[in-house]
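Chains P and L, in that order, are what the protein sequence lines are. Everything in the first sequence is counted per the working numbering, starting at 1 for the first residue and increasing by one. Everything in the second sequence is counted per the working numbering, starting at 87 for the first residue and increasing by one.
Hints are computed from structural coordinates only; laboratory data are not their basis. Treat the hints with caution; some may be incorrect.
List of simulated lysine-lysine pairs, DSS-like, C-alpha gap at most 30 Å [said to hold, decoys possible]:
1) P:15 / L:326
2) P:15 / L:252
3) L:244 / P:15
4) L:759 / P:29
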Amino acid sequence: MLNIKCPYCGDRSQKEFAYGGDGTITRPKLNQEISDEEWDNFVYLRKSPRGKHIELWHHIAGCRQWFKVERDTTTHEIFKTFKPEE
Amino acid sequence: MSQNFRLNTGGLINRDKPIEFKFNGKKYIGYEGDTLASALLANGIHLIGRSFKYHRPRGFFGAGVDEPNAKMQVEINGCSEPNINATEIELVNGLSASSQNCWPSVNFDIGAINNFLNRFFPAGFYYKTFMWPKSFWYRVYEPFIRKAAGLGIASLEKDKERYEHKYEYCDLLVTGSGPAGLASAYAAAKNGAKVILAEDKPRYGGTLLTDDVTIDNLSGKDWSEKIISELKEMPNVIVKNRSQVFGYYDHNMMVMFERTGDHLEKKTKYTPRQRLWYIRAKEVLLSTGSIERPIVFGNNDTPGVFLSAAAKEYMKVYGVLIGKKPIIFTNNDSGYETAIEFKKNGVNPIVLDTREDQNSELINEAKDLDIKIKFSYAVIVAHGYKKVKSATIGKLNKDKIDFENTEQINCDSICVSGFWTPTVHLASQSGNKLKFNDSIDAFVPDKSKQNEHSLGAANGTFTLQDTLKNSINTGSEVSKNITKKDEKIQIPNTNERKYSAHDKFWCSPLPKGKNYKRFVDFQNDVAVSDIEVALREGYRSIEHVKRYTTLGMATDQGRTSNLNGLQLVANVEKKIVPQVGHTTFRPPFTPVTIGTIVGREIGKEYMPTRKTPMHHWHEKNNAVWVDAGAWKRPRYYKRGNENLFEASKREAKNVRDHVGVCDVTTLGKIDIKGPDAAEFLNRVYTNAWLKLPVGKARYGVMLREDGIVMDDGTTTRISENHYHMTTTTAQAANVLSHLEYYLQIVWPELNVNVVSTTEQWAGAAIAGPKSRDLLAKLFPKIDVSNEALPFMGYVEGDLFGVKARIFRISFSGELAYEINVESDFGLFMWEKIIDIGEEFNIQPYGTEALSTLRIEMGHVAGPELDGRTIPYDVSLEGLVSKKKDFIGKRSLAKEAFNKADRQKIVGLVPLDRKSSIPEGSHLVENKNAKLPNPKLGHVSSSCWSVENNNPFSLAILKDGKNMIGKKLFAVSPLKNTSIEVEVMSSHYVDHEGKRVRS
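Working from the sequences, and respecting the hints, build out all of it.
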C-alpha cells in the first residue's frame, strides 16, 4: 500500500485515494476545431511508461482535491506530489 | 501417560501446570509453555504425518518456523483448522490435533504405496500424466489429485472466532527479539524513537535462550529479560510477542499478525483470536536471524532426523530429549553445541564431522567431555521406516565424493547441521536484491530499496559481539536521524565461543549401486533425483526448476531447502550458486489464516450499510429490501401473502389510479454554487443551461468524453448562483468526482464549488393523479395549481414548521412532486405524507413498482445507460445541443455513432400478451436460424405494464428507428425461452407526456 503525500493534507495511506490516470493529458479547448485523429488521441491514448510517470490522484476520502504525483511505475517510488497548477 | 523423554529438570516450561491434550484421538500430558511439538516429543511421539507425494512417514525436523513436516489439523474450542505448524502452536487444555495426508491412519497409510511406485512419480509428474485426454481433467484427474494431495481439510463450518485489524505508525519496526533485535530496539528507544519490537515466539530472546553466552556477565536469557522489561517500561515502545511480521510492502508498509487468543485458556466473547497489524514504519530493522541448513543424505526424511539447533532448543527451552542415542552430523561447530548439551543431560552422542580434525574451542570442549567424534565422516543413509533405528556412516575420501569405508551403527536420532542460512525473506520482499556471501555459502541482503537494514544473523553476522555492536550502532544512527537525539549506548561485553571455519559439504554422495531417496525439500517431497530429472529435461532457469519440481513452493517457502536446491543445480550445471541465482520470496513469510486477513469485514460488516431516515418506517411496514449500492431500499411492501410480482403490481397500479409515495433519499444530490455555475452546467450537460430561470428545474444528460451517456438527472436553479443537481443512486459518487475533475484540473478558471448533499436531504416522491390534492393539503399556504407550480417548477414551502423544497419532477411519468427536507425531518415528512394521504388512498411503493412505472413510460435508467449507449441510442438526441460545446460532444461526430442503422431504444410486447420477456434476452429475426444467429439487439428492462395489463419491455435494437411494427424473437438460452415479440415505440403509456404536465 503506497504512502501518498497529498499536497493539501500531508502523508496519507493509499486507501484514501483514487487513481486518476495519466496526468500529462491536456483536454482540447472548447469549440476548438480538431481532427478526428487528434481527438481520438486525447480520448483514448494514454502513456504507460516503465519508470517515471506523472499521474493524477484524487483524495477521495479526504479533501477531495485532484493533484499530480510523479511516481516510478516499477519501483512505486514517489518522487514528488504537487497541486495541478504547479 | 508418562513423559519418558522429558528431562527431570531444566527448560522454560511450567512443570507445575500439566496440560492434557489429544493427538490422533489419544490423550497425552504436556506442560504449560510447551508447543504441541515439544509435548509430543516429551511423550516420545515422532511419527506425526505422511509426506505430500510419497506418503512417507514423517516426524519433527525443526522447532519453529523452520519446521517443514509437522503440519497438523488442530481443533481448539470446536474450531478446526488445517496446516497448523505443531512447532509453533502453544499447548492449551483441550487442544486436539491429528495427522494430515494419511488414510486410514498415520501408522497405516494406503497412500504409502506411492513410495514404492516412486519411479512413476518423477518430477513434473502431474504435467506429464494428466495432460490427456482433456475431458479426463475435471472428471478424473482433478478429483484424484485433490483427494491424494490433501494437506488437511478446510472446515465447512462458519468461523465463529473474532479477528481484528489494527493500524499503527512508528519510527522503527524491529522484527525479531534476538540479540540484534533487542540491541537495536533498545538503542533506538533510548533516542526517543517510537519503536515496535515484534517477536513471533511467545518468549523473547531468540538464540539467547539457547546459546551458551554471557552479556555484561548475565546469561543470554537474563540479559534479554532485562532489556525486554526496560523496553516495556518505556512509553515510546510497543513490545509484542506471538507476532509474526509476514509481509513487506511498498513504502515500508509492514503487515504482521498477532496470535492473541489461541494460547488463552479462557477467552471473553470479544477476545480476538488473531489480530492483523498494518504498520507504516519510517525505518525497518530486520533482525530475523538465521535458520540452520540440513545436510542431505539417504532417507534423511525418516522420523528422528532433526536439525541440530532444534534438538538443542528442545532440551534447553522445553526440557525434552529428541532421542537418547543421537548421531550429530555436522559440517561446522554448531553441532558440537548440541552434542555438549546432550552430554550435560546424560546422553552420549556420537559426532560425525565432515571436516578433518581441528582445533577450536567447541571441539576441544567436546573432547574434554569425552564425546565420541569421528572426523571426515558422514551419514550415508538412515535406516528404519517409522523411526530411525540405525544409520550407515562412512569415512569420506579426500574429495568427499565417495566413501573409503562404511559401517552401520545403532542410533535413535540424527541431528544435522549444515551451517546457517540468513532469513532474508523480508529483505527480499522489500525489493532488496540479495548478494551471495562466499564465506557463509548463503545469500545476504544487498543494497536497500526501501528504508530497511538487516542486522545480525539475518545479515550474515554470526558472532554475538559483532551483532550487538552493529545493531546498537544502526539502531542509534537510524533513530537519531528521526528524533535528533543522540543518547550514547555502551556496547556490552560478551563472552562467546569462537567457531572454526565450516565445511562446504552439503550432500552425502550415493555409494555405487545404491539408490536412496535424498530429500532436499521435505514439505513438497522433492528429492535430489527429482531436481536432476528436471535439469536433464532441459530446465535451466531456477524459477523453472522450482515450478517444475515444486522445490521450495510449499508453506515453508523453502526455508530449509532453498540453498541446498541451488547448490545441487549449481553442481549439476557446473556453475556456482550466485550464477544460478535464487527464486523470489513473496509474502506471507508464514501462513496466515483467511480469517485474519478478512478481519471484521465479514457478513453485514463487509461494507457499510446506508439507511435512509425513513428506514425504520419501511421496516415496520414489511418492506422487502433490495441493495442499491450500499443503500437499503424497499423493493416492495409486502401485504399478506403477496409475492414480489403481486405487490409491485398493486403498488404501481395505485400510483396510476390514486397516489403513491416513494423514498427517493438515495438519489445522488450535489450542491453547486458560484458565479460560473451556469456556464459549468452548460459544459457538463448536453443541453442548454444558460437560460434556466431561478425556480425552475431541467432534465439533463451528461456524457463521458467518448460520447457515451454517463448519467442523467434533474438540476434545479435554487437562486441566481445556486443549483441543486440530482444523479442516479448508482452514479452519485462518480458524478461528483467527474465534476471535481473538470473544475480542478480542466477548467480551474471557473469559479464554482460542488459538494455532495445526498445525506443532508431526505426525499419523498409523491406520484399519481391525486398527488396535487395531497400536496395542497401538505402545504396549505402554497398555490400548487398547474399555473403557479407547472411541470419542472420549483418552490420552497413550510411543511408543518419544517423547511421543504418542492420540485415538480416525475420519474414515473405521472403527475408527481418530489419533496426534500433536511434528513433529520425525513421521517416526520414521510409520516405526514402517509397520514394526510390516507384520504387519497396513498400507498408507499418500492423500487420494483418504480421500475414498472418508468419502463412503461419509456424512461431510461441504469439498464439502458449501460456504458455502451450514446444519446441517440436511448432517444435522448433531442437534448443534445447543436450550438454549444460540451463534454463528449466531439465524439458524437464519430462515423460509427452516425450510421443509418445505429441501435436505438424500442418497446417490445409479446405477441401472446402473456409471456414475460427475460431481461438480457437476445433479439433475433429467426429463432431457428443456424448458429451463429445474427443478434439484432438485447432486452434491457422488463415489466408487467399495469396500464395495459400485459408484459412490456425496453430493448436496444439495431436500426431500432425503422423496426417499429416488425416481429422478432426474444431468445434467452439462460432461461430457455424463445418469445415472439412485436417491436413498438418505447413510450407505451401516455405517448405525448400529457400527465406530467396536467
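For each hint, the structure was consulted:
{"no.": "1", "hint": "P:15 / L:326", "in the structure": "26 Å, holds"}
{"no.": "2", "hint": "P:15 / L:252", "in the structure": "14 Å, holds"}
{"no.": "3", "hint": "L:244 / P:15", "in the structure": "29 Å, holds"}
{"no.": "4", "hint": "L:759 / P:29", "in the structure": "23 Å, holds"}
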